[in-house]
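Trainee: Residues per chain, in single letters:
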Amino acid sequence: MKRIAGMLLVVLAVAGVLWADSALSITGAGATFPYPMYSKWFDEYHKKNANLEINYQSIGSGGGIKQVTEGTVDFGATDGPMNDDQLKAYQDKHGFGILHFPTVLGADVPAYNIPGVTAELNFTQDAIAGIFLGKITKWNDPAISGPNKGVNLPANDIVVVHRSEGSGTTYIWTDYLSKVSEEWKTKVGKGASVNWPVGLGAKGNESVAGTIKNTPNSFGYVELIYAIQNNVPYGRVKNSSGAFVKANLASVTAAAAGAAKNMPDDFRVSITDAPGKTAYPISSFTWLLVPAKFSDATKRDAIKGFVKWMLADGQNYTEALSYAKLPKEVVAKELKALNNVQ
Amino acid sequence: MATTTTTVPSAGPVAASRSFLSRLREGDEIARMITFLFAASVVLVTVLLVFELWQGSVLSRHKFGFNFFRTSVWDPIFEQFGALPFIYGTLVTATVSLLIAVPLGIGAAIFLAELAPERVSDTLEFFIDLLAAVPSVIYGVLGVFIVVPLMRQYIQPALRHSFGFLPLFQGPDYGVGFLTAGIVLAIMVIPYIISVSREVLLSVPRDQREAALSLGATRWESTWKVVVPFARAGIFGSVFLALARALGETMAVTMVIGNTPVISASLFSPGYSIAAVIANEFTEATGDLHTQSLIELGLVLFILTFILNGVARLLIVATSKRGSGMGNV
Amino acid sequence: MLTMTGVCALVAVSVLFLILGYLAVHGGASINWNFFTKLPVPVGETGGGLANAILGSAKMLLLASIFGVPIGFFGAIYLAEFSGGTTAFVVRYAADLLNGVPSIVIGIFAYSLVVHPFKQYSTLAGAFALGLMMIPITLRSTEEFLRAVPNPLREAAMALGASRWKTIASVIVPAAYRGILTAVLLAFARVAGETAPLLFTALGNQFWSPGWTHPTASLPVMIYTYALAPYDDWHRQAWAAGLVLLGLILVINIVARAILSRGIAVPRS
Numbered sequence: 000m001k002r003i004a005g006m007l008l009v010v011l012a013v014a015g016v017l018w019a020d021s022a023l024s025i026t027g028a029g030a031t032f033p034y035p036m037y038s039k040w041f042d043e044y045h046k047k048n049a050n051l052e053i054n055y056q057s058i059g060s061g062g063g064i065k066q067v068t069e070g071t072v073d074f075g076a077t078d079g080p081m082n083d084d085q086l087k088a089y090q091d092k093h094g095f096g097i098l099h100f101p102t103v104l105g106a107d108v109p110a111y112n113i114p115g116v117t118a119e120l121n122f123t124q125d126a127i128a129g130i131f132l133g134k135i136t137k138w139n140d141p142a143i144s145g146p147n148k149g150v151n152l153p154a155n156d157i158v159v160v161h162r163s164e165g166s167g168t169t170y171i172w173t174d175y176l177s178k179v180s181e182e183w184k185t186k187v188g189k190g191a192s193v194n195w196p197v198g199l200g201a202k203g204n205e206s207v208a209g210t211i212k213n214t215p216n217s218f219g220y221v222e223l224i225y226a227i228q229n230n231v232p233y234g235r236v237k238n239s240s241g242a243f244v245k246a247n248l249a250s251v252t253a254a255a256a257g258a259a260k261n262m263p264d265d266f267r268v269s270i271t272d273a274p275g276k277t278a279y280p281i282s283s284f285t286w287l288l289v290p291a292k293f294s295d296a297t298k299r300d301a302i303k304g305f306v307k308w309m310l311a312d313g314q315n316y317t318e319a320l321s322y323a324k325l326p327k328e329v330v331a332k333e334l335k336a337l338n339n340v341q
Numbered sequence: 000m001a002t003t004t005t006t007v008p009s010a011g012p013v014a015a016s017r018s019f020l021s022r023l024r025e026g027d028e029i030a031r032m033i034t035f036l037f038a039a040s041v042v043l044v045t046v047l048l049v050f051e052l053w054q055g056s057v058l059s060r061h062k063f064g065f066n067f068f069r070t071s072v073w074d075p076i077f078e079q080f081g082a083l084p085f086i087y088g089t090l091v092t093a094t095v096s097l098l099i100a101v102p103l104g105i106g107a108a109i110f111l112a113e114l115a116p117e118r119v120s121d122t123l124e125f126f127i128d129l130l131a132a133v134p135s136v137i138y139g140v141l142g143v144f145i146v147v148p149l150m151r152q153y154i155q156p157a158l159r160h161s162f163g164f165l166p167l168f169q170g171p172d173y174g175v176g177f178l179t180a181g182i183v184l185a186i187m188v189i190p191y192i193i194s195v196s197r198e199v200l201l202s203v204p205r206d207q208r209e210a211a212l213s214l215g216a217t218r219w220e221s222t223w224k225v226v227v228p229f230a231r232a233g234i235f236g237s238v239f240l241a242l243a244r245a246l247g248e249t250m251a252v253t254m255v256i257g258n259t260p261v262i263s264a265s266l267f268s269p270g271y272s273i274a275a276v277i278a279n280e281f282t283e284a285t286g287d288l289h290t291q292s293l294i295e296l297g298l299v300l301f302i303l304t305f306i307l308n309g310v311a312r313l314l315i316v317a318t319s320k321r322g323s324g325m326g327n328v
Numbered sequence: 000m001l002t003m004t005g006v007c008a009l010v011a012v013s014v015l016f017l018i019l020g021y022l023a024v025h026g027g028a029s030i031n032w033n034f035f036t037k038l039p040v041p042v043g044e045t046g047g048g049l050a051n052a053i054l055g056s057a058k059m060l061l062l063a064s065i066f067g068v069p070i071g072f073f074g075a076i077y078l079a080e081f082s083g084g085t086t087a088f089v090v091r092y093a094a095d096l097l098n099g100v101p102s103i104v105i106g107i108f109a110y111s112l113v114v115h116p117f118k119q120y121s122t123l124a125g126a127f128a129l130g131l132m133m134i135p136i137t138l139r140s141t142e143e144f145l146r147a148v149p150n151p152l153r154e155a156a157m158a159l160g161a162s163r164w165k166t167i168a169s170v171i172v173p174a175a176y177r178g179i180l181t182a183v184l185l186a187f188a189r190v191a192g193e194t195a196p197l198l199f200t201a202l203g204n205q206f207w208s209p210g211w212t213h214p215t216a217s218l219p220v221m222i223y224t225y226a227l228a229p230y231d232d233w234h235r236q237a238w239a240a241g242l243v244l245l246g247l248i249l250v251i252n253i254v255a256r257a258i259l260s261r262g263i264a265v266p267r268s
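Residue numbers (numbering that gives the first Met the number 0), protein chains in the order written: chain X, 0 to 341; chain L, 0 to 328; chain H, 0 to 268.
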């Protein structure tokens with residue numbers, strides 16, 4: 000009996016050791032914002048390249064930045080670009096830099112779950128800022144009901160939902176709020192992880208969408224596809240030109256129009272509150288974080304190969320998931336920048 | 000089974016027997032050394048763990064000192080880290096869980112130890128032990144899908160209706176929060192209270208009960224006034240054990256507590272616990288100060304559970320010694 | 000008053016059946032061939048399974064046992080057979096300390112020791128964290144069962160001229176083997192459901208995890224991730240996974256207790 004167990008153990012151990020890297024396995028981690036897109040991409044890319052597995056874990060943009068800086072993952076992903084301090088920290092730690100590569104355009108939408116209300120609500124900048132600052136506490140507050148004449152909003156308390164971990168989606172949302180609300184800018188600021196005045200914390204876009212779906216009277220921000228896939232109602236936001244715009248492919252693309260023409264070399268740009276009558280004000284690029292130098296040439300080539308595919312065929316998958324394609328100028332610029340990855 | 004080959008030392012030359020003995024000793028020495036290495040590695044790894052926790056929090060310990068335990072702001076942007084909301088949340092949820100679990104658990108233990116026939120007691124104890132084996136994440140899933148909606152739709156409104164004048168039961172009905180986390184924790188720690196208390200009660204010597212009964216006490220009086228006080232220390236020990244488990248719980252709590260660092264008098268408010276914030280923020284704490292503050296929280300949790308476990312063990316041992324020293328068990 | 004205590008006991012026990020019932024009702028239907036053989040599919044699509052999580056958990060548990068059980072077992076032999084008072088006290092104290100460490104803190108420790116220096120999330124790191132948790136359970140239980148072997152057995156073996164280690168290997172351990180096996184099974188069942196330490200060590204993987212040095216999916220982490228997400232298909236898989244995991248743990252517990260109860264007169268701890 001013991002002998003059999005012993006032999007079984009040995010067989011298993013040997014099998015485990017032998018069955019090692021038959022496929023090249025690359026690990027990336029970061030944003031949940033583009034996760035539906037990335038999980039589709041990496042799955043498709045694996046079908047075309049059976050020997051390559053790109054394992055992407057959505058732990059939040061903060062996690063992506065931290066882990067790629069620590070070196071525990073091969074690449075990162077974030078919707079809030081690394082700031083100068085973080086870039087410097089990376090450079091100091093590794094001796095070379097890290098590059099941002101935009102992948103798609105997406106949007107943060109104000110999602111809600113109000114019992115009895117199925118209409119699409121209009122939100123002004125002040126309404127959103129007021130709710131998240133904790134100053135507007137009831138759904139029938141004039142700031143909310145004003146632009147929504149004809150909708151019967153209940154006098155219920157608003158349950159605010161936000162992210163509990165470091166998140167690029169939060170970065171986009173707070174970046175927008177800092178631009179449209181002076182009070183938000185001084186009191187809370189923008190970042191992946193802020194000191195929220197009110198609200199419940201949930202981990203990942205997935206969990207925020209789940210919480211909103213399950214909690215009556217809730218209000219939170221999620222990436223567009225999460226609201227769509229889970230049938231969570233989301234509203235229109237007033238943009239800088241005064242129009243109430245709903246997030247969709249057209250309005251997000253319009254928001255990126257200006258940035259496309261004037262894209263900085265490092266691709267770090269904010270397109271929230273973008274000018275334009277049809278622009279959706281809480282749009283954003285999302286980036287892959289790729290180290291500028293790889294010690295392992297096969298990994299480097301694999302990642303570069305993926306980025307090239309992503310910029311070409313990959314862009315054809317985006318619209319089915321409600322992410323907008325990258326503007327042509329940005330794609331061209333990225334292909335050139337790819338040469339900087341060594 | 001292997002047979003031992005023995006060489007009975009003949010009455011012959013001493014030299015032969017000594018070399019046999021020294022061979023013996025060598026074999027034993029090697030066995031002793033090998034097993035010592037394994038045992039020592041346990042100590043080594045534990046010391047290493049404490050060291051890592053201490054070293055890993057050096058930045059935040061030096062920067063904040065004892066203010067770490069007095070500040071309630073947790074702001075990664077402005078790099079201000081205060082542990083108070085997490086300590087508060089951990090303690091409040093643990094207290095709520097004990098308030099629910101202790102009466103239920105001791106009641107059940109009394110039933111199992113004193114009143115139930117032996118077969119019933121053993122069968123029920125079997126199921127209770129299985130309950131203790133259920134993983135935390137499953138309690139969390141049950142919490143999210145059963146307890147939270149129940150709280151939000153029925154229990155919280157009912158509590159507010161009856162006791163809403165108390166600050167404990169005010170605020171919106173999120174469904175998640177301190178009370179929900181406390182309830183889920185209570186379910187998780189009841190098995191520990193029951194099984195340890197049951198054993199402690201069973202170890203109270205029979206003559207204690209018989210003496211009470213012979214003096215005219217009823218069954219209940221004998222149990223409640225004689226047996227339970229005798230086993231009091233051990234029962235306290237079980238409560239401390241349960242408390243230690245409740246403090247360290249991560250998954251179930253983070254799924255139902257609301258993950259918001261606030262200190263609020265209301266049990267309906269969402270909150271945060273030490274274990275939950277570590278689980279949520281550790282992999283992405285950018286900046287050394289943030290990471291080290293989280294590790295310092297881990298150190299605090301470790302010290303808390305260490306003290307509680309130590310006290311619990313002392314109390315339980317004290318009771319069983321008392322029981323066994325005073326007559327037949 | 001008496002009936003109240005009975006009610007308490009019944010309430011406590013009924014929770015177990017509530018849990019099993021809920022998981023069975025909601026997850027039972029999703030336990031199909033797909034679940035055990037397919038990999039997860041992209042977010043929002045249906046038809047995937049958790050085969051990689053099942054294998055990942057199995058690999059980590061196997062490695063954790065290889066790492067944790069011998070340390071606990073041989074350490075217990077040292078405590079029961081060889082050691083003096085002070086050393087024994089220190090080792091037991093350390094083991095109790097390790098046992099009481101919250102699993103999230105074990106996760107931090109494993110991250111700083113294994114993930115950070117090697118810059119790699121891996122099955123190994125997850126197994127290390129789980130193995131650490133198995134050590135104290137195995138150690139303390141094994142020691143108790145070894146100690147409970149009656150002294151006459153030892154003395155008889157020694158009287159026949161057997162050396163210390165021969166006595167242990169051929170007489171004492173076999174006499175206590177039921178209890179030791181129970182201890183190992185219970186330790187295994189305990190760590191099988193642990194989630195927190197895996198968050199920082201094994202990370203996750205939507206593909207099969209090659210070898211031992213890459214991140215891997217695991218059942219408890221998948222349950223956690225899927226349960227909190229809004230996708231109904233993920234919920235069904237989470238419940239199915241929960242049922243499988245809980246079923247496995249309960250079966251191991253029942254088997255362990257059965258082994259023990261059928262054993263020789265070694266008193267229960």
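If you're looking for bench data, these hints aren't it; they were derived computationally from the structure. Heads up, some of the hints might be wrong.
What the hints assert, rightly or not - To give an idea of the interface, some chain L residues facing chain X are shown, with a C-beta separation under 7 Å as derived from the structure: (1) Ile-76; (2) Glu-78; (3) Glu-280.
We put the CB at the ideal spot given by N, CA and C, even for glycine.
Trainee: All hints, please: hold or fail.
Mentor: Now the hints, each set against the structure:
The interface hint given for L/Ile-76 holds, since its Cβ lies 4 Å from the closest Cβ of chain X, which is under the 7 Å cut-off. Here the hint on L/Glu-78 is broken, as its CB sits about 11 Å from the closest CB of chain X, past 7 Å. With 7 Å as the threshold, the beta carbon of L/Glu-280 comes within range of chain X, its nearest partner Cβ sitting at about 6 Å, so the hint holds.
In summary, the structure is inconsistent with hint 2 from the numbered list given earlier, while agreeing with all the others.
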